[in-house]
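Trainee: With the hints as your guide, set chain G onto chain V.
Going line by line, the protein sequences match chains V and G.
Position 132, counted from 1, in the first sequence is what our numbering calls 213; the numbers after and before it change by one each time, with no gaps.
Position 84, counted from 1, in the second sequence is what our numbering calls 82; the numbers after and before it change by one each time, with no gaps.
Heads up, a few of these hints could be off.
[Stated by the list, open to error] Distance condition first, Cα-Cα at most 20 angstroms in a straight line; then the derived EDC-like pairs of lysine to aspartate or glutamate:
#	chain 1	residue 1	chain 2	residue 2
1	G	Lys42	V	Glu314
2	G	Lys42	V	Asp383
3	G	Lys122	V	Glu346
4	G	Lys122	V	Glu342
5	V	Lys537	V	Glu314
[What the hints assert, rightly or not] In silico negatives: residues of chain V with every beta carbon more than 12 angstroms from chain G:
#	residue
6	Gly113
7	Gly176
8	Ser225
9	Ala424
Worth flagging that the hints you see were computed from the coordinates, not collected in a lab.
By construction, the Cβ of each residue, glycine as well, lies at the ideal position given by its N, Cα and C atoms.
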Amino acid sequence: MDKMYISPEYEVIRDRDRCTVCRICERQCANGVHAYNAETGRMTADNSRCVDCHRCVCYCPTHALKIVRSQDTYPENANWDSRTINEVYKQADSGGVLLSSMGNPKPQPIFWDRLLVNASQVTNPSIDPLREPMETRLWLGKRSTKIERDAGGKIRDLLAPQLPLEVPILFSAMSYGSISYNAHACLARAAEALGTYYNTGEGGLHKDFYKYSKNTIVQVASGRFGVFQGYLEGAAAIEIKMGQGAKPGIGGHLPGMKITEDVSETRMIPRGTDAISPAPHHDIYSIEDLRQLVCSLKEATDYKKPVIVKVAAVHNAAAIASGIARSGADIIAIDGYRGGTGAAPTRIRDNVGIPIELALAQVDQRLRDEGIREEVSLIVGGSIRSSADVVKAIALGADACYIGTAALLALGCHLCRSCHTGLCNWGIATQRPELVERLDPEVGYKRLVNLVTAWKHEIQEMMGGMGINSIEALRGNRLMLRGVGMTDRELELLGVRYAGENM
Amino acid sequence: MERVNAEGMNYVQLNALVRSCNQSEIRIVNCIGQRYIGTGLSDKKITIDGTPGNALGAYLNGAEIHVNGNVQEATGDTMNDGTIVIAGSAGDATGYAMRGGKIFVEGDVGYRCGIHIKAYRENKPAIVIGGRTGSFLGEYQAGGTILVLGLHTDGKPIVGNFCGTGMHGGEIFLRCSEIPPRLPAQVRAEKLSALPKEAASLVREWCALFGKDERMLLSSSYVRLTPNSDNPYKQMYIAN
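The shape of chain G in the complex, shown without the other chains:
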């Protein structure tokens, strides 16, 4: 394993090092805000101690990234494949327009998480969040799965406002017993007594990663959000 001390290192330099490294495993220590780590990588395993900057794992294409700490904005932007594991919380726009792969966050995520994620054939993106999320979760979601476990303890709602606005595909699972208030018209909400198989296996994966008890999470009640219609804007226009 290659060990890189990122202290005082510019992001361009750090990322060039990561790209050109011939080892399959890299450990970045003392990471402090360097952006774009692991951009577009397809075949490495990167472990990061510290706090990576924005756009960690953008366009990720199969590589694996583990962060021991929090991450900033736009983690996994337009990610195609691979895994990002965050033993901490994540900032805004986590998993923007993700098309494949998985993001596991131990803590909370900020605003606009999972906006525009979409699925195609074998590519099914998934974002699993241990705590709660800010507003605009899964806006314009077109496919894939977002799972929010609500293990946060600050008493705030599990999701913020405008959850699933413009949603036209995919699923959002929220671990809560009541349907959140003020959901937008494009979203259909239903209470579930048990998680479907695929979602349950995501919970198990999350628990295995962060050493949490899966029985409690799997026996909880969940709310599932799905789009109300496949073509939400069809009725809006008249040919002129």
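If we strip away everything but chain V, and leave its shape as in the complex, we get:
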């Protein structure tokens, strides 16, 4: 036996009565699942190639297709499930590190779902957002906590640069290379229309997108791809990427096959070579070293742009955040272990890091305890799935949220978790021109605007219900949250009371 036969994970079910053999499924599938058999005049399917991305299902004009999980099973075993067994086979076959995409799919606890939001009744009336102004605008950056006056008694303006947002939602870092040109075009346009920001990730800023500068956050990672003076100046803020929730402690690696001519130009590296961002910045081994990078970026941009430091949520998140707050950074971004990625070793994705809810609550508390909460703003990400998650995150202490996976879903992603193959049928995680053109920026940007606008309405509704008319008044307001189905320890770490407990 050279290689273990692994039966397909999915099966394509075709309703022969409905199928008109129009062959659209065949054209839509870059994985080559569907084929036309001229002899029988019928469509066939190679289940082994199917990743369950649902492109064919969505585009079948007669709805003749569905994808189901294969019923073929190994002997039932709660400890050794089929996926785990297959992973062993794959590694025994290849000797390779298992590579996956998108966020951790394991059934680990989701604390957002165990947190419940308060509403006013009788004594403290709720506010009707349709009638009353409901402020979702906020600013990210260092706040002044003391007032200084000049010789004439006038207040001196010591305010550090601020990032204005119309909604407490930003699009998280996704590089050009990991996602397509059209996906970036959608994000940039939507950020502009929504009065928020998208993030270039570590892949440089494409020349066509400098016009969205006011709504662009550029990233500086260990590989420093595409980082030069014009890039730093072509942004509203600069983010230093220290870590990512999907793969804490692991760097980025964009395979040479995804470095097309255009990606190569944007990253400023030759076509076809691997783009490697190692896990550490090899010039950062301490908070003092981090401070050096923060300060050099500020020097390079004349102290006009806020600097964000992004870290993965890990065990000592609170102490790390405290250090970052003292490094001169204006904003800390924390990415939880359920955050997405274009490629990460499976074991790292599924086992390294901690839930964002716990990290956030601990970071906010620590910064408050040390009296430095106003020194920084907090952005959290790593699977923010709905407006309710945003509201809960802000009540736990965040200033704003990064959304990545939700934004990609709005663009058509079906979470097949095959980004690393570069064959995204939805034109998102691919560089193949024929696939990229499937994602129409005109349509895609409107879908993103729809999503965030809908969330904004929902956030306003929930704020109104709580009797809060400004998003900044919700920040860190943990009395607006109660927990269910949690242990005392979990509630203590989250700083939240049990549902039913009074003030």
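Mentor: Okay, now just chain G, sitting in the frame of chain V:
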């Protein structure tokens, strides 16, 4: 030429002065540890007497910096274009992630020099070091040229450990007759009887800057390090 006395001056103040100076040439005297000098500058010539602090010429974008003295860590960090000349030795992480321009060091450099340097089209970074280097020279190098002339006299090896680990582009030239021991698997080493044209012209430039004899250096034997494969990590993964 504008003359700035940096004695007792805070780096923010000094750098604001350098940025706002309308002269094309600036001489900073009594420099003592001020960081980030010349960050992102594209069009000035700065001469420094003394010892500048960390991140000298970070993101440098075409300007020219001459230092009469040693420099500290992270000189030319993410430098894009221009020249940094150091008549002395340089600390750790010199030329980190450099993408263009040239750094000439008369003496030695510390650890992690030239990590992550990369070339693209006409941008070809080069670092020329007169003496020896610490460990991790050219780690993750993706392009460009690092040249180590080994003129140090303390008897230590020309490079430290882990030279070129993860290298996937570019070239390293070491002026020595034997291939250094314990090179990582990603590196292919070969002995050269003569330097290629581009590397030789870097040697000439270095000699002209520091008044050294180029004949001896050009007639020496060199070892060239290049990556073993363009995609060193390709075989490591299996799609799951």
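Trainee: Does each hint fit the structure? Answer for all of them.
Mentor: So, going through the hints one by one against the coordinates:
Between lysine 42 (chain G) and glutamate 314 (chain V) the CA atoms are separated by roughly 19 angstroms; this keeps the pair inside 20 angstroms, and the hint holds. A C-alpha spacing of about 17 angstroms is found between lysine 42 (chain G) and aspartate 383 (chain V), which places the hinted pair at or below 20 angstroms, so the restraint holds. For the hint linking lysine 122 (chain G) to glutamate 346 (chain V), the alpha-carbon distance of about 14 angstroms falls within 20 angstroms, and the restraint holds. For the hint pairing lysine 122 (chain G) with glutamate 342 (chain V), the CA-to-CA distance comes to about 18 angstroms; that is within 20 angstroms, so the pair holds.
The straight-line distance between the Cα atoms of lysine 537 (chain V) and glutamate 314 (chain V) is roughly 30 angstroms, outside the 20 angstroms bound, and the hint therefore fails. Even its closest Cβ contact with chain G, about 15 angstroms, leaves glycine 113 (chain V) beyond 12 angstroms, as expected for a residue assigned away from the interface. Annotated as non-interface, glycine 176 (chain V) brings its C-beta within 12 angstroms of a C-beta of chain G; the closest such distance is 8 angstroms. Every beta carbon of chain G lies more than 12 angstroms from that of serine 225 (chain V), the smallest distance being close to 18 angstroms; the non-interface claim holds.
With a cut of 12 angstroms on Cβ distances, alanine 424 (chain V) falls inside the contact zone with chain G, its closest approach being about 8 angstroms.
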